[in-house]
Amino acid sequence: MYGKKTEISVGIFMILGIACLVYLSVNLGGIDLFGSDSFVIDARFGSIEGLEVAASVEIAGVPVGKVKRITLEENEALVQMEIKKGTQITDDTIASIRTKGVIGDKFVKLSPGGSDDLLEDQGFLMNTESAISLEELVSKYIFKK
Amino acid sequence: MQIAASIGRSTLNRFQILGRSTIFLFVAFFQAFLPPLRFSRFVKEVEFIGSKSFLIVFITALFTGMVLGIQGYYSLRQFGAEAVLGVMVALSIIRELGPVLCALMVTGRAGSAITAQIGIMKITDQLPALEMMAIDPIKYVISPKIIAGIISLPLLTAFFDLVGIAGGYLVGVKLLGVNEGAYIGKMVTAITFEDIYGGILKSFCFGILITWISAFIGFTAEPTTEGVSSATTNTVVVTSLSILVLDYILTSLLL
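In order, the protein sequence lines correspond to chains A and B.
The numbering used here numbers the first residue of the first sequence as 2 and each following residue consecutively.
The numbering used here numbers the first residue of the second sequence as 1362 and each following residue consecutively.
Please note: incorrect hints may appear among the correct ones.
Where chain A lies over chain B, by a calculated footprint (3+ residues, C-beta under 8 Å) [as the list claims (entries may be wrong)]: (1) 1401-1415; (2) 1513-1521; (3) 1540-1551; (4) 1554-1563.
Straight-line Cα separation of at most 25 Å, SDA-like style, residue types lysine to any residue; simulated pairs [claimed, not checked]: (5) A/K67 <-> B/L1452; (6) B/K1547 <-> A/S112; (7) B/K1547 <-> A/G51; (8) B/K1413 <-> A/C21; (9) B/K1547 <-> A/A132; (10) A/K110 <-> A/S131; (11) B/K1547 <-> A/S57.
Hint data in this document are derived by calculation from the structure and do not stem from the laboratory.
Computed from a predicted structure; not experimentally measured.
A virtual CB, placed ideally from N, CA and C, is assigned to each residue, including glycine.
Could you put the whole structure together from the sequences, leaning on the hints where they help?
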């Protein structure tokens, strides 16, 4: 029906195609093939203005995870963050929302404190700083002088 | 009265073709999973639609990525935002250009050939001959093509995406001097799984569309030389337009 050549070319095509597909989804799409090697911590902010799901979470400028979900709880923003396993986050870490770059991407900055107690999965960060809104600062300056 | 009748006739004709082709697709699709499974036929079609389109897809992808690199650099530089070049190239290729251009190239290469092949089988009475041997021509000739299209197109598109991004990298980073870390780093953070999934889903639909339309037009072609030649032209025109229209519909549904 078909020769060896057909088999080889189809085989190469399938392997290459599937390899491309896997590479795309794992490296660019960020899919975890081998289960999640991360843990989740929560933090509550007064305002997250402009923070979006999948925004990065950084410690000392190094990305250690990303924002997984943002919900409203008691009129405050509850941000769920996915942190890579092995990252040491103390229970007195301060989470603050900062702006990066010219376009103004928001990200969560974690500043670890000096405590010896590390946060586990489903841990909760007590100390947070809300997003700094330029408009609010300007209006404060103008109206409350 | 005469006018009403002619309008009615042409409307009915159109709907008849639509209905017939839909039944044709479903029969061909489900026949593929009924025994006897002709695996060797399927491998041959994957070779024809998939492997043999590799080179043409490679060249298309490379130059699309490269030209996006130049154009993107030129327009982004005006805002001082060359750093997002990688994001621009990767997003436009993965979400839009990859599936669509890949489908158009496969239409030109494989779609027209499918129509011509089936049309000539019809002229030379090969389809009735199959039937006389108690082999269903739809199952034997059409089904493997449709399944091969569904499998080949997403794989070709994934290949297109990677080569296109590499082309943009070549021009943007190596030639025009965009920061390499910015190109790749920003791209990886900006692309989500939904982008890739949407593009691949589109290519699935295009895979069905290309093989379905070209096989149906070939199958219903007039068994004359002119019939086959006009059917081949029709295939390329109808399939290309359908791809673009379906692309808009899918994009608006996915967003």
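Restraint check for A/K67 with B/L1452, where alpha carbons must lie at most 25 Å apart:
holds, 20 Å
Coverage of the segment 1540-1551 of chain B by chain A, judged on three or more residues with CB within 8 Å:
Three-residue rule met by the segment 1540-1551 of chain B, so holds; n is 3.
Test coverage of the segment 1513-1521 of chain B by chain A using CB-CB distances below 8 Å; three residues minimum.
-> Since three or more residues must qualify, the claim that chain A covers the segment 1513-1521 of chain B holds, with 6 doing so at under 8 Å.
**Message:** For a C-alpha distance cap of 25 Å, please report whether B/K1547 and A/G51 respect it.
**Reply:** holds, 18 Å
Q. If you look at each residue in the segment 1554-1563 of chain B, do at least three have a Cβ nearer than 8 Å to any Cβ of chain A?
A. holds (count 5)
Exercise. Would you mind confirming whether the straight-line C-alpha gap from A/K110 to A/S131 stays at or under 25 Å?
Key: holds, 11 Å
Q) Is the hinted pair B/K1547 and A/S57 satisfied, with a Cα-Cα distance of at most 25 Å? A) holds, 11 Å
*Taken at face value, is the distance from the CA of A/C21 to the CA of B/K1413 at most 25 Å?*
holds, 17 Å
- Please work out if B/K1547 and A/S112 have their alpha carbons no farther apart than 25 Å. holds, 23 Å
Original post:
Given the proposed pairing of B/K1547 with A/A132, does the C-alpha separation stay at or below 25 Å?
Top reply: The given pair, whose Cα atoms are some 22 Å apart, holds under the 25 Å limit.
Outcome, coverage hint (the segment 1401-1415 of chain B, chain A; C-beta under 8 Å; three residues): That given contact holds, which follows from 10 residues of the segment 1401-1415 of chain B lying within Cβ reach (below 8 Å) of chain A.
Consistency note: the structure conflicts with none of the earlier hints.
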